[in-house]
Amino acid sequence: MKEPFIRVENLSYSYGDGGNEKPKHPAVSGISLEIGEGEYLAVIGRNGSGKSTFAKLLNLILDPTDGKIYISGKDVTSPDMTDEDVYAVRRDIGMVFQNPDNQLVATVVEDDVAFGPENLGLPREELRKRVDDALAAVGMTEFAGYEPHRLSGGQKQRVAIAGIIAMLPRCIIFDESTAMLDPIGRRDTVEMMEKLNREKGITVITITHYMDEAVRADRVIVMDNGRVLADGTPKQVYSDRELILSAGLELPQCATLVDRLRTAGVNIPDGDSTTPEKCAELIASALKGGELS
Amino acid sequence: MNKAELKNVTFRYMPGTVYETLALNDVSVGFEDGKITGLIGHTGSGKSTLVGMLNGLIRPMSGEVLLDGENIWEKPKNIGSVRFRVGLVMQYPEYQLFEDTVEKDISFGPKNMGLSPDEISRRVKEAADIVGLSGKELAKSPFDLSGGQKRRAAIAGVMAMEPELLVLDEPAAGLDPVGRETVFSAIADYRNMRNSTVVIVSHSMEDMARWCDVLTVMADGGVLMTGSCEDVFSHAEELKKTGLDLPQITKLMLLLREKGVPVGENIYTVEAAYAALTEIFGKRASLKRI
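Chains as they are written, first to last, in numbering that gives the first Met the number 0: chain F, 0 to 292; chain S, 0 to 289.
FYI, nobody ran anything at the bench for these hints, they're computed from the structure. We put the CB at the ideal spot given by N, CA and C, even for glycine. Check the hints yourself; a few may be wrong.
To be verified - Keeping only pairs whose Cα atoms sit at most 20 Å apart, straight-line, the calculated EDC-like set for lysine to aspartate or glutamate is:
1. F:Lys55 / F:Asp82
2. S:Lys240 / F:Glu190
3. S:Lys149 / S:Asp188
4. F:Lys194 / F:Asp211
5. S:Lys258 / F:Asp84
6. F:Lys67 / F:Asp91
7. S:Lys103 / S:Glu93
8. S:Lys239 / F:Asp82
9. S:Lys74 / S:Glu4
10. F:Lys73 / F:Asp100
11. S:Lys239 / F:Glu190
12. F:Lys287 / S:Glu278
13. S:Lys239 / S:Asp206
14. F:Lys287 / F:Asp269
15. S:Lys258 / F:Asp271
16. S:Lys149 / F:Glu175
17. F:Lys287 / S:Glu257
18. S:Lys240 / S:Glu229
19. S:Lys149 / S:Glu180
20. F:Lys128 / F:Glu141
21. F:Lys67 / F:Asp84
22. F:Lys234 / F:Asp217
23. S:Lys239 / F:Asp269
24. F:Lys67 / F:Glu33
25. S:Lys124 / S:Asp99
26. S:Lys34 / S:Asp67
27. S:Lys74 / S:Glu63
28. S:Lys258 / F:Glu276
29. S:Lys135 / S:Glu98
Unchecked claim - Here are a few chain S residues that face chain F, going by a calculated C-beta distance under 10 Å:
30. Thr42
31. Ser145
32. Leu174
33. Val177
34. His202
35. Ser203
36. Gly242
37. Asp244
38. Gln247
39. Thr249
40. Leu276
When you get a sec, could you build the whole thing from the sequences and use the hints?
Printed below as a string of structure tokens:
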């Protein structure tokens, strides 16, 4: 059987006492799952549920206290991993963080995008091509010569994404990358995730508090207390109202509405009601269906 | 009556340079006494500049900023007292926590006001109560709190100054649903207890729809519209054009109208949508029975 892109086995992590006498508490506790190449996955959970820790483990920013991570069958948590091996994993799995102001290092946009690939020691033409392609992919070509601090939050996030694309990654993790953006910046960033996933086949893992973002993914994982509470399509996950609420989360408003209508005895066919589009279809078909019967 | 008001206010950043930007262009807008007003608008629409105007952090280049009808820049030397009356909670205020206990951090503002120790401790206790921090948490280091608690501690620090006008820039950004709910209900409690006026800046239309009495929409350095949530969200097309999002339920209602379902234009909450749809489904059911 072919090895999945990412396989996580009984993964645990505890933030150490670090000298400040705090008891160790597991932030991630015995997670096992597989992520296939090209998946579009959302991870949701309340503050402190372990989402970000899980992401940092995948990117080898943190070393697991217990358990294994395999990437294409290779044990990347093995003590035999050299620095080079670790860098290779980070090239494969890039990460975009929350604050757009903390991620840009250069004084000109294109230098910032070139920062990663420059460190790979690529020939000049190859470097140029990667930077140009990455800026084009995020629609920021015309800003190549700009100073990053003159850009909006959403534009800065796109430059940060371009810096990762220029490394030709197989997977990008977005760790609450839309939390500090305005609606346009959020929409642009989410559309960028979808585009990278659909057109370039890049595996996208998005960690988010926004339910309307999570429902756009193909698969949703709910975390609580460092564990995976649910794992399925948005429709499957959000149909378990009790579970979502017990994890400190909320249902998308449209799903709540359909839920309440059904409880009141309105006959709405079974189906996905997580987005306004899908919900409108369901309600309209319920109205039509009734007229026919 | 307006608690605070801007009258023909204009402000430019970096005037006379190539980077000159017109942030507020002849803006006149009022903030009603005792109400929670939501300030919405795209990035660069002028929201933050306007917020900075309200407590005198930024001085208008022309026009007036009024608090209880008086120009706050009448005597520039007295601008400090305006900052005690208008409390400003910036974005991610927990980055500004610095004392070694939560209690000391919350007392910092009232101490600067020169209040008596008894008055300070009363205010700290009340503010902590409003945001839901217990005595146990007050004794802790702010850095031992969870993310949501840190945010609430920082907000309590401003509430303890008992400002007549409380202004908050994205008070719930980055919090999970339960954390958001706690923060917004604390803000509503503060308003109800003190009869004060509140201005909230946020990008979350669902939160604005739920907690605000009045919405003011800004676009390109000016005020596009101001009104009740019902009024404002019924201008869906205009809002979309200026790059704003609509509440999920408003989006759903727009789509249903496109499909010929006769729902009203002013529905933006789950409750209202539920009422409208049960009526439609109910009518249909009774027609069928006939």
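A quick look at each hint next to the structure:
1. Our distance criterion of 20 Å between C-alpha atoms is met by lysine 55 (chain F) and aspartate 82 (chain F), whose separation comes to about 17 Å.
2. Proposed proximity of lysine 240 (chain S) and glutamate 190 (chain F) is supported: the alpha carbons are some 18 Å apart, at most 20 Å.
3. Between the alpha carbons of lysine 149 (chain S) and aspartate 188 (chain S) the distance comes to roughly 19 Å, so the proposed pair stays at or under 20 Å and holds.
4. With a CA separation close to 17 Å, the supplied pair lysine 194 (chain F) and aspartate 211 (chain F) stays within the 20 Å bound.
5. At roughly 55 Å between alpha-carbon atoms, lysine 258 (chain S) and aspartate 84 (chain F) are farther apart than 20 Å, so this suggested pair is violated.
6. Annotation: proposed proximity of lysine 67 (chain F) to aspartate 91 (chain F) holds, straight-line Cα distance about 18 Å (limit 20 Å).
7. In summary, the hint linking lysine 103 (chain S) to glutamate 93 (chain S) is supported, as the alpha carbons are separated by about 14 Å, within the 20 Å threshold.
8. Proximity of lysine 239 (chain S) to aspartate 82 (chain F) is assessed by CA-CA distance (about 49 Å); at most 20 Å being required, the pair is judged violated.
9. Between lysine 74 (chain S) and glutamate 4 (chain S) the alpha-carbon distance is near 17 Å, which keeps this suggested pair within the 20 Å criterion.
10. Straight-line distance between C-alpha atoms of lysine 73 (chain F) and aspartate 100 (chain F) comes to about 34 Å, which puts the hinted pair past the 20 Å bound.
11. Among the hinted pairs, lysine 239 (chain S) with glutamate 190 (chain F) is consistent with the structure: their alpha-carbon atoms are about 17 Å apart, no more than 20 Å.
12. With a C-alpha separation of about 16 Å, the suggested pair lysine 287 (chain F) and glutamate 278 (chain S) falls inside the 20 Å cut-off, and the hint holds.
13. About 17 Å separates the Cα atoms of lysine 239 (chain S) and aspartate 206 (chain S), which keeps this hinted pair within 20 Å; it holds.
14. Distance restraint check for lysine 287 (chain F) and aspartate 269 (chain F): the Cα-Cα separation of roughly 15 Å lies within the 20 Å cut-off, and the hinted pair is therefore satisfied.
15. At most 20 Å may separate the alpha-carbon atoms for a hinted pair to count; lysine 258 (chain S) and aspartate 271 (chain F) meet this at roughly 18 Å.
16. Taking the CA atoms of lysine 149 (chain S) and glutamate 175 (chain F), the gap is near 19 Å; set against the 20 Å cutoff, the hint holds.
17. Restraint check for lysine 287 (chain F) and glutamate 257 (chain S): satisfied, since their Cα atoms lie roughly 14 Å apart, inside the 20 Å limit.
18. Of the supplied pair hints, the one linking lysine 240 (chain S) and glutamate 229 (chain S) holds, its CA atoms being roughly 18 Å apart against a limit of 20 Å.
19. Straight-line distance between C-alpha atoms of lysine 149 (chain S) and glutamate 180 (chain S) comes to about 15 Å, which keeps the hinted pair within the 20 Å bound.
20. Restraint check: the Cα-Cα separation between lysine 128 (chain F) and glutamate 141 (chain F) comes to about 15 Å, which is no more than 20 Å; the hinted pair holds.
21. Distance hint between lysine 67 (chain F) and aspartate 84 (chain F) is fulfilled; the C-alpha atoms sit about 16 Å from each other, no more than 20 Å.
22. Note on lysine 234 (chain F) and aspartate 217 (chain F): the hinted pairing holds, with a Cα-Cα distance of about 10 Å set against a maximum of 20 Å.
23. Between lysine 239 (chain S) and aspartate 269 (chain F) the alpha-carbon distance is near 31 Å, which puts this suggested pair outside the 20 Å criterion.
24. The hinted pair formed by lysine 67 (chain F) and glutamate 33 (chain F) meets the criterion: a straight-line CA distance of about 12 Å does not exceed 20 Å.
25. Of the supplied pair hints, the one linking lysine 124 (chain S) and aspartate 99 (chain S) holds, its CA atoms being roughly 17 Å apart against a limit of 20 Å.
26. A C-alpha spacing of about 14 Å is found between lysine 34 (chain S) and aspartate 67 (chain S), which places the hinted pair at or below 20 Å, so the restraint holds.
27. For the given pair, lysine 74 (chain S) sits about 13 Å from glutamate 63 (chain S) by alpha-carbon distance, which is consistent with the 20 Å threshold.
28. Restraint check: the Cα-Cα separation between lysine 258 (chain S) and glutamate 276 (chain F) comes to about 11 Å, which is no more than 20 Å; the hinted pair holds.
29. Annotation: proposed proximity of lysine 135 (chain S) to glutamate 98 (chain S) holds, straight-line Cα distance about 16 Å (limit 20 Å).
30. With a least beta-carbon distance of about 4 Å to chain F, the hint placing threonine 42 (chain S) at the interface is held under the 10 Å criterion.
31. Annotation: interface hint on serine 145 (chain S) holds; nearest CB of chain F at approximately 6 Å, less than 10 Å.
32. Interface restraint check for leucine 174 (chain S): the shortest CB-CB distance to chain F comes to about 7 Å, inside 10 Å, so the restraint holds.
33. Hint status for valine 177 (chain S) relative to chain F: holds, with the closest Cβ pair at about 5 Å, below 10 Å.
34. Interface hint status for histidine 202 (chain S): upheld, as the beta-carbon distance to the closest one in chain F is roughly 5 Å, under 10 Å.
35. Hint status for serine 203 (chain S) relative to chain F: holds, with the closest Cβ pair at about 9 Å, below 10 Å.
36. For glycine 242 (chain S), the interface hint holds, since its Cβ comes within 10 Å of a Cβ in chain F; the closest pair sits about 5 Å apart.
37. A distance limit of 10 Å between C-beta atoms decides the matter here; for aspartate 244 (chain S) the minimum to chain F is near 4 Å, and the interface restraint holds.
38. At about 4 Å, the closest approach between the beta carbon of glutamine 247 (chain S) and any beta carbon in chain F falls short of 10 Å, and the interface hint on this residue holds.
39. Hint status for threonine 249 (chain S) relative to chain F: holds, with the closest Cβ pair at about 9 Å, below 10 Å.
40. Because the closest C-beta pair between leucine 276 (chain S) and chain F is about 6 Å apart, less than 10 Å, the hint holds.
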